[in-house]
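**Q** Take the sequences, apply the hints, and build the full model.
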Amino acid sequence: DGGITQSPKYLFRKEGQNVTLSCEQNLNHDAMYWYRQDPGQGLRLIYYSQIVNDFQKGDIAEGYSVSREKKESFPLTVTSAQKNPTAFYLCASSIVLGHGGNADTQYFGPGTRLTVL
Amino acid sequence: GEDVEQSLFLSVREGDSSVINCTYTDSSSTYLYWYKQEPGAGLQLLTYIFSNMDMKQDQRLTVLLNKKDKHLSLRIADTQTGDSAIYFCAENLRNYGGSQGNLIFGKGTKLSVKP
Chain A
103 DGGITQSPKY LFRKEGQNVT LSCEQNLNHD AMYWYRQDPG QGLRLIYYSQ IVNDFQKGDI
163 AEGYSVSREK KESFPLTVTS AQKNPTAFYL CASSIVLGHG GNADTQYFGP GTRLTVL
Chain B
4 GEDVEQSLFL SVREGDSSVI NCTYTDSSST YLYWYKQEPG AGLQLLTYIF SNMDMKQDQR
64 LTVLLNKKDK HLSLRIADTQ TGDSAIYFCA ENLRNYGGSQ GNLIFGKGTK LSVKP
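So the protein lines, in turn, are chains A and B.
Each residue of the first sequence is one higher than the one before, starting from 103 at the first, in the numbering used here.
Each residue of the second sequence is one higher than the one before, starting from 4 at the first, in the numbering used here.
Calculated from the structure, these hints are not laboratory results.
Just so you know, even glycine gets a beta-carbon here, dropped at the ideal spot from N, CA and C.
Worth double-checking, as some hints may not be accurate.
What the hints assert, rightly or not - Simulated crosslink set (DSS-like; lysine-lysine; CA at most 25 angstroms straight-line): (1) A:K159 to B:K70; (2) A:K185 to A:K159; (3) B:K39 to A:K111; (4) B:K39 to B:K59; (5) A:K185 to B:K110; (6) A:K111 to B:K113; (7) A:K111 to B:K59; (8) A:K172 to A:K116.
To be verified - Which bits of chain A does chain B cover? Going by a derived footprint, with three or more residues having C-beta under 8 angstroms, they are: (9) 114–122; (10) 142–148; (11) 191–200; (12) 210–216.
Said to hold, decoys possible - Anything over 10 angstroms on all C-beta distances counts as not near chain B; from chain A, calculated: (13) K172; (14) E174; (15) G203.
**A** Here you go:
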């Protein structure tokens, strides 16, 4: 059963703590993405990765960090430097990135809702 | 940067047709997408259209593309209460780079279907 999984579904964090959100895919996709969604704001890109051991900052990378040590996994760490981390976080993947064709189509995981207490 | 515009809300009665509109900015976009998001869930790919097509039909869904006006629409025939969701339009930038990535999303249209 192929797809993208994110865990946990709900996450609570105290102010000043770092937390890591998990994203795993078994679709054999090269590219992976992290988005943040706030009400009425649509999706904003945090980080993306075209291939293992490579990643680029998106529009709102400040206060976040990522790693891409394995093709299947793209964890996102929300650091204490992120001023307003309460949001819904979405991970996505695509076969490739930047070919301009259908292989760029992104498929999404179910999301993680992070709440800072 | 590039921008995708959608109206934020649409309300229809069950059984009517819904039309959700979108305008995009990159005339060289190769693919344009419609995603559906139900409450508390991720985005589900509904359909997409290649830029050399004017129309694509898939069961109750019809996508119309006007490249001259950079206008994309999604028509849902016989709208049901289960169609209530947020619908996102997205364009695939041919010449992406930097912090925008390659897919630019609109802010989403919330469709409410009244019985």
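**Q** Of the hints stated earlier, which fail here?
**A** 1, 7, 8, 9, 15
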